[in-house]
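Student: Sequence:
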Amino acid sequence: MYGQIYFQGDSTGIYPQHQGEDLQPSNRTNGFARVAMPFSFPFFGETFDTLYMHVNGYLMFTGEDMPYYYQLYDEQYLRQIRAIAPFLNRNLRQNTSGDYLKVNLTPEKAVFTWKLTFGTIPGSAEFSAILYPDGTIEFQYGNSAGGDKTIPVSGISKGNHEACLLTSFSGKRPASGKFFRFVPSDLPGNVTITDDRNITIQNIRRPAAGSMLLIARDRNRLTCHKEITLTTGPAVKISLTNPGILPRPGTVNDLTISLSNHSTIPVSQAIFSLKTASSNITVAGDPVTGLNIQPGQTIHIRDRFSVIIPDTIQGEQPFLLKGTLDTGSGKTDVSGEFTIAGIQIVITPPAVLD
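Residue 4 is where the sequence shown starts when you use my numbering, and the numbers rise one by one after that.
Rather than coming from a laboratory, the hints here were simulated on the basis of the structure.
Cβ atoms here follow ideal geometry from the backbone N, Cα and C, with glycine treated the same way.
Be aware that one or more of the hints could be misleading.
[Said to hold, decoys possible] Simulated restraints on C-beta separations:
#1 G299 with S179: 22 to 30 Å
#2 G253 with R307: 17 to 25 Å
#3 R251 with E67: 31 to 39 Å
#4 S276 with T15: 35 to 43 Å
Using the sequences and the hints, build the whole thing.
Tutor: Right under this line is the structure:
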């Protein structure tokens, strides 16, 4: 049983004018078109043969209309559905004769291209999502323009409120020629347990990271299990320095960053930075430079970063942090999701005097 981790990276180039077949969505305002994939596409550990290209700038895995609350909060909607969203915006429309949804399918890749406008709101956007048989996802951006109501939410989501990965520019307007990739970790192709109880892994073709669940069962059918991490490179974990104290409105909460080197090559002069991926909190702390991590070593960065929660927040709500470890030869991105605590009522038993 394996979990799936995606490596993320961005680059710049010239936005290509993709050719393809024009699709007719079920509705030009909030509809979608069914696309039969030329290959089985892996996504968060499952495979899919059919996708649905939505007018509002994303790919769905089921053909269904959006619920009402989607019209209120794009980002929260993305967290609740399984989707690939290069430019999710509820105001996108297929309004003019120059607007289109196109798809170009080959055994090597599937290219989805949108060129749309924003209805009664001035603005337009041109972008693409390219899907590869190994599960790699690439977003490409052309020209886009408009006001505050034309900003996209961009990322991928498993639809379980937890595995939602946003791009570094989600909530901002991407520049023309901006590219972004999600590359799935190479899950083990051959895992065995030797007689001396060592786990061996073979056939890893690219950087690997993920989790594996080991289950043991005895003759009486009693079972136990343990989840272990599989990775060939750096691993990053973001946690509260004091996990016993819940983040509350009007507080400053210190963070601990744990950096592990699971490879056989030392990490030298790396840089770690942290930023918020939510609009309801701010992050304090400058990037930490000159990090050296030996193979098999874990280092901890304590109290260099903190989360500042405004006292104007009411009620329980989540917030997301995004950390980046830059080793010079590559970047490792990780997200940490936390919850701002609401009002708590604690009931204690009455004291009885003898």
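Student: Indicate whether the distance between the beta carbons of G253 and R307 respects the range 17 to 25 Å.
Tutor: With Cβ atoms ~22 Å apart, the hint holds.
Student: Look at the Cβ atoms of R251 and E67 and judge whether their distance stays inside 31 to 39 Å.
Tutor: 37 Å, holds
Student: Holds or violated: 22 to 30 Å for the Cβ distance of G299 and S179?
Tutor: 44 Å, violated
Student: Using the beta carbons of S276 and T15, state whether their distance is inside 35 to 43 Å or not.
Tutor: The hint (35 to 43 Å, Cβ to Cβ) is violated, given that S276 and T15 are roughly 20 Å apart.
Figure legend: structure checked against the earlier numbered hints; hints not met, in rising order: 1 and 4.
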